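Using the sequences and the hints, build the whole thing.
Line order of the protein sequences matches chains A and B.
Take 1043 as the starting number for the first sequence in our numbering and just add one per residue.
Take 12 as the starting number for the second sequence in our numbering and just add one per residue.
Be aware that a few hints might be false.
Stated by the list, open to error - Okay, derived cross-link-like pairs now, DSS-like style, lysine-lysine, Cα gap no bigger than 27 angstroms in a straight line:
#1 K29/B to K1083/A
#2 K1083/A to K30/B
#3 K51/B to K1059/A
#4 K52/B to K1045/A
#5 K51/B to K1045/A
#6 K1083/A to K1110/A
#7 K29/B to K49/B
No lab work stands behind these hints, which were simulated from the structure alone.
A quick note: this is a predicted structure, and the numbers were derived from the prediction, not measured.
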Amino acid sequence: ELKVEQNPLFLSMQEGKNYTIYCNYSTTSDRLYWYRQDPGKSLESLFVLLSNGAVKQEGRLMASLDTKARLSTLHITAAVHDLSATYFCAVDTGRRALTFGSGTRLQVQP
Amino acid sequence: DTEVTQTPKHLVMGMTNKKSLKCEQHMGHRAMYWYKQKAKKPPELMFVYSYEKLSINESVPSRFSPECPNSSLLNLHLHALQPEDSALYLCASSQDLGGTGELFFGEGSRLTVL
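Written out as C-alpha cells, the structure reads:
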C-alpha cells in the first residue's frame, strides 16, 4: 500500500522567511502533484512533476522531484500572508489514482 | 475554459433520502473522478471513469453509485447514506489517463447527512 508522508503537518512562519515542505512516498512513481487548498475551497493545482530531477517554479514557490529518493520538496521563498493555505502533495499510483499526503497547513504571520 | 462545475454546492439529506451530485466539464477531457474529503483530511479517491467506462472503484460502498452518461458529465447517486458520509465531494477531470495528467478539480459539493 502506498504511503505518502508530508512534513511538517503545520508550519507557522513569518513573512519574508524561507521554508521547505517535504513529501516522501513509499513506492515507485514518476508523477507527483502539488495542490493548494484554502479553507472551505477546492484544490488548486500548483505543479505537476513528471520526471526525476524535475524542478518547477511559480512566484515564491518552487517544487522539485527526486524519484530515486522518493522525495519531493516545495520550497517557499520570502513568504507572504497570501500563501497561507493547506498544501498537499499527491502521488500518482497509476492511471491517475492519486494518493494524497496528509497536508501541510501553512500560516504566514505578518 | 478550465472549469469543472459541480452542483449543488451544498446538500443536506436524511438517511432515507435519494439524491444526486452532478459534475460537468467542457474541456474535452475523457477521464473524470470522484474524491471524498472529510474535514481536515486529504482527499480520498472514490471512482475513476475513462472514456465513460468505470476504470477504478476504490471499494466504495454501494450506497454511492456513480454514473457517466457522456464524456462531459459525471453523476454520483446517493442512497441510504450514513452521517459519517458527510464530507466534501470533489469532482475532477483530466485529458485522459495518460499524458501530463493534470487534474482539474471542481469547487466541490458539501454534503451533510442527518
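Against the structure, the hints:
Of the supplied pair hints, the one linking K29/B and K1083/A holds, its CA atoms being roughly 25 angstroms apart against a limit of 27 angstroms. Straight-line distance between C-alpha atoms of K1083/A and K30/B comes to about 22 angstroms, which keeps the hinted pair within the 27 angstroms bound. Distance restraint check for K51/B and K1059/A: the Cα-Cα separation of roughly 26 angstroms lies within the 27 angstroms cut-off, and the hinted pair is therefore satisfied. This hinted pair checks out: K52/B and K1045/A have alpha carbons roughly 15 angstroms apart, not beyond 27 angstroms.
A threshold of 27 angstroms between alpha carbons decides the hint, and for K51/B with K1045/A the separation of about 18 angstroms falls inside it, so the pair holds. The straight-line distance between the Cα atoms of K1083/A and K1110/A is roughly 33 angstroms, outside the 27 angstroms bound, and the hint therefore fails. As the CA atoms of K29/B and K49/B are separated by approximately 21 angstroms, the hinted pair is consistent with the 27 angstroms bound.
In this structure, the one hint that does not hold is number 6.
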